Amino acid sequence: MKIDCPACAVELAAYAAGDGDSESRSAMTTHLAECPACRRELEREVELRTALAGLPLVTCPTAVSRRVLDAIEQRRSTGRRRLWYAGAGALAAAALAGALLLRPGAPVAPPAAPGSANVAVVPAYSEAEIAAARRDLIRTVTLTARILDRTGRNTLAEVFSERLPAAVAGSLRPLGDPTRGG
Amino acid sequence: MKHSTFTELLESHRDRVYTQALYSLRERRDAEDVTQEAFLRLWRQGGEVPADKVAPWLAHVTRNLCIDQCRRRAAARRHLGVADPDAMDSLASTAGADDDPLRNLDLDDRQRQLVDALQTLPAETRSVMLMHYYEGRKLADIAVALGKSVSAVKVQVHRARHSLRLAIRAGGAGEATAEHRGTA
Chain A
1 MKIDCPACAV
11 ELAAYAAGDG
21 DSESRSAMTT
31 HLAECPACRR
41 ELEREVELRT
51 ALAGLPLVTC
61 PTAVSRRVLD
71 AIEQRRSTGR
81 RRLWYAGAGA
91 LAAAALAGAL
101 LLRPGAPVAP
111 PAAPGSANVA
121 VVPAYSEAEI
131 AAARRDLIRT
141 VTLTARILDR
151 TGRNTLAEVF
161 SERLPAAVAG
171 SLRPLGDPTR
181 GG
Chain B
1001 MKHSTFTELL
1011 ESHRDRVYTQ
1021 ALYSLRERRD
1031 AEDVTQEAFL
1041 RLWRQGGEVP
1051 ADKVAPWLAH
1061 VTRNLCIDQC
1071 RRRAAARRHL
1081 GVADPDAMDS
1091 LASTAGADDD
1101 PLRNLDLDDR
1111 QRQLVDALQT
1121 LPAETRSVML
1131 MHYYEGRKLA
1141 DIAVALGKSV
1151 SAVKVQVHRA
1161 RHSLRLAIRA
1171 GGAGEATAEH
1181 RGTA
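Those sequence lines, one after another, are chains A and B.
All the letters of the first sequence, read from the start, carry residue numbers 1 to 182 under the numbering used here.
All the letters of the second sequence, read from the start, carry residue numbers 1001 to 1184 under the numbering used here.
In short, the hints are calculated from the structure, not lab data.
Please note that a few of the clues may not be correct.
Unchecked claim - No farther apart than 27 Å at their CA atoms in a straight line, the calculated lysine-lysine pairs in the BS3-like style are these:
#1 B:Lys1138 x B:Lys1053
#2 B:Lys1148 x B:Lys1138
#3 A:Lys2 x B:Lys1138
#4 B:Lys1148 x B:Lys1002
#5 B:Lys1002 x B:Lys1053
#6 A:Lys2 x B:Lys1148
Computed from a predicted model, the values in this text were never measured in an experiment.
All chains, full assembly: derive it from the sequences and hints.
Here it is, written out as structure tokens:
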């Protein structure tokens, strides 16, 4: 592998940094031994490297750290406030759903078609299903709290997206589910 | 991410981030803003950045923020119709009554010339030079970070070296700026 001056110029930074495979480094070494102009260029490269690498570290003003921490604290408190609203909203929805579901005798089966035999009215959901739905809801609200707290997301929509109605409804099957009696 | 963990990261990396931004932007307030934003983004990651990757992650974010800031400056120049970038910089400096942030640093003449000359490079080229020569990152790693081939980065560094030399000869600005203007 042979290398000319223009190629050597392009490879100088990598060569001076110790990068590159052995073949290309060997070709560079051979060329530099033969070419005074490229050797001078390598000296300049080393000088540039030394000067830039030796630039001092600059102390960051402490006010910047304070601004960062203040901004985070502000977002966290905003998140907590929104979490409170989110929790309150979810609980209100849960209370409403619970009131509707647990109301004695409700929901009822659709009215029987005229002329058909009377059918017994049964609760739409079993106790186990309602308990599962309640657990789902609690899990969702808890998860929301964690997400808001850890990520600094600020809105319910960011956390729930389109899943909010499903979260409130829990794992209850639709009332129109044909597998249910009625 | 725990608040205490984040505070430790902030304390241990802030000088590095600030220095990178300052050498890249050469303006104290911009460097402070970039530093602040870089750490806010780290916090928003919520601990998803592995501990041993925080430094390169911050360097990468800082580089991008600096490039964005340079683009905003360029857009402001175009908007205001300021033909000479140096005039814009001196205008900003005067308006902000901002001291030269590098004035009190222990730089030798060569380093001061180089830092001035770096400002004449396009933002991305400047960031490549700082990543390689100041941060010591390999050209292959830089190529991966920028989504370029290693050859393209080598050529970019070679041209930037040439531009720096021209800029130093011209007193820190001028020829190199003319060579690169429009590519920033």
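Against the structure, the hints come out as follows:
no. : hint                  : verdict
1   : B:Lys1138 x B:Lys1053 : holds, 16 Å
2   : B:Lys1148 x B:Lys1138 : holds, 13 Å
3   : A:Lys2 x B:Lys1138    : holds, 24 Å
4   : B:Lys1148 x B:Lys1002 : violated, 36 Å
5   : B:Lys1002 x B:Lys1053 : holds, 17 Å
6   : A:Lys2 x B:Lys1148    : holds, 25 Å
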